[in-house]
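K.L.:
The opening position of the sequence shown corresponds to residue 32 in the working numbering, with each subsequent residue numbered one higher.
Calculated from the structure, these hints are not laboratory results.
Be a bit skeptical, because a hint or two may be false.
[Unchecked claim] In silico DSBU-like pairs for lysine-lysine, Cα to Cα no more than 35 Å straight-line:
| hint | residue 1 | residue 2 |
| --- | --- | --- |
| 1 | K172 | K285 |
| 2 | K208 | K222 |
| 3 | K105 | K172 |
| 4 | K222 | K121 |
| 5 | K255 | K285 |
| 6 | K208 | K172 |
| 7 | K121 | K107 |
| 8 | K107 | K172 |
| 9 | K222 | K255 |
| 10 | K285 | K121 |
| 11 | K105 | K208 |
| 12 | K121 | K105 |
| 13 | K255 | K208 |
These numbers were taken from a predicted model, which means no experiment stands behind them.
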Amino acid sequence: ARSFRSFLRNQNFNSKRGTMKLSIPLILAVASGSASAFAPVSNAFRSASLSMADTAEAVETSAIEIAIPEVQEKIKAAEDDAREARMAAKNAPPPVMCVTSEEILSEGVSIELGNNIWDPAGLAEIGGDATLAWFRHSEVKHGRVAMAAFVGWWAVGAGLHFPGQLAYGLDFGSIPKTGLDAWDAVPGIGKVQMLMFAGLIEFHDELFFSRRGVHYMRGGTPGKNMVPGLYDPFGFSATRSEEALATGRLREIKNGRLAMIGIAGMYAAASISGAVPLLPEV
């Protein structure tokens, strides 16, 4: 019985060892089979990944190649727009920075009018600052012409005249003493010369305003004379203060207004008898 149990024990051990011997080749075979089974899948996955990466890179390259011309066109269009904007800014007229209407109107106010603006026709409300600057410039220049005309009319009526001849065969002393008759006695070529002289002053005043200073409609001083040597040739006003210059402009405006009324009255008295009762024949 002991010998039989030993025999069985030995058989069981041998069977286990045989089983172990059989299990190792089986495990190796299964492992090798599994490895060989998964090997093509890994290669296929790697190939698919490389193929997708190549496709993505190709798509990205194509997109860049397509986008580059569009970007270049946009950059060129932006550069063209910037160039046109620079040219437009270069050729554009300077901005209008005119003296304000309040500044212009405040300078002509005087005590004779109760320190109020006398404008019954509402001309100051027409247009903007530049329009009012043009009105003031015209007022000052018309006042200067009226002052010169009034003094000339008065001088002729008082018998004052230049020596010599006004024209061939016409002495200054032989000119009538009344204003309109004195004008009629001047030859036509003399009248043309005086009108041309006045026109040249007007032309050069505007020309020098634009080239030698700031135009009165763009920030300059309305009424300022720009013709060299015509006003203040000795430069007396160069050393005057701003307050003194403002006072002088106010006096000129007021004297010009009075002269315009005066020359209009003298013309009316000379044209219509008795139009100005207190004024003698002129």
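K.L.:
Next step is simple, just say for each hint if it's right about the structure.
P.N.:
Checked hints:
Proximity of K172 to K285 is assessed by CA-CA distance (about 12 Å); at most 35 Å being required, the pair is judged to hold. With a C-alpha separation of about 18 Å, the suggested pair K208 and K222 falls inside the 35 Å cut-off, and the hint holds. Of the pairs offered as hints, the one joining K105 and K172 is violated, with about 56 Å between alpha carbons and a cut-off of 35 Å exceeded. Proximity of K222 to K121 is assessed by CA-CA distance (about 45 Å); at most 35 Å being required, the pair is judged violated.
Between K255 and K285, the direct Cα distance comes to roughly 16 Å. Compliance with the 35 Å bound is thereby established for this hinted pair. In summary, the hint linking K208 to K172 is supported, as the alpha carbons are separated by about 26 Å, within the 35 Å threshold. Between K121 and K107 the CA atoms are separated by roughly 21 Å; this keeps the pair inside 35 Å, and the hint holds. Between K107 and K172 the CA atoms are separated by roughly 54 Å; this puts the pair beyond 35 Å, and the hint is violated.
Restraint check for K222 and K255: the C-alpha separation of about 27 Å stays at or below 35 Å, so the hint holds. Proximity of K285 to K121 is assessed by CA-CA distance (about 42 Å); at most 35 Å being required, the pair is judged violated. Restraint check: the Cα-Cα separation between K105 and K208 comes to about 81 Å, which exceeds 35 Å; the hinted pair is violated. The suggested pairing of K121 with K105 holds, with an alpha-carbon distance near 24 Å, which does not exceed 35 Å.
About 34 Å separates the Cα atoms of K255 and K208, which keeps this hinted pair within 35 Å; it holds.
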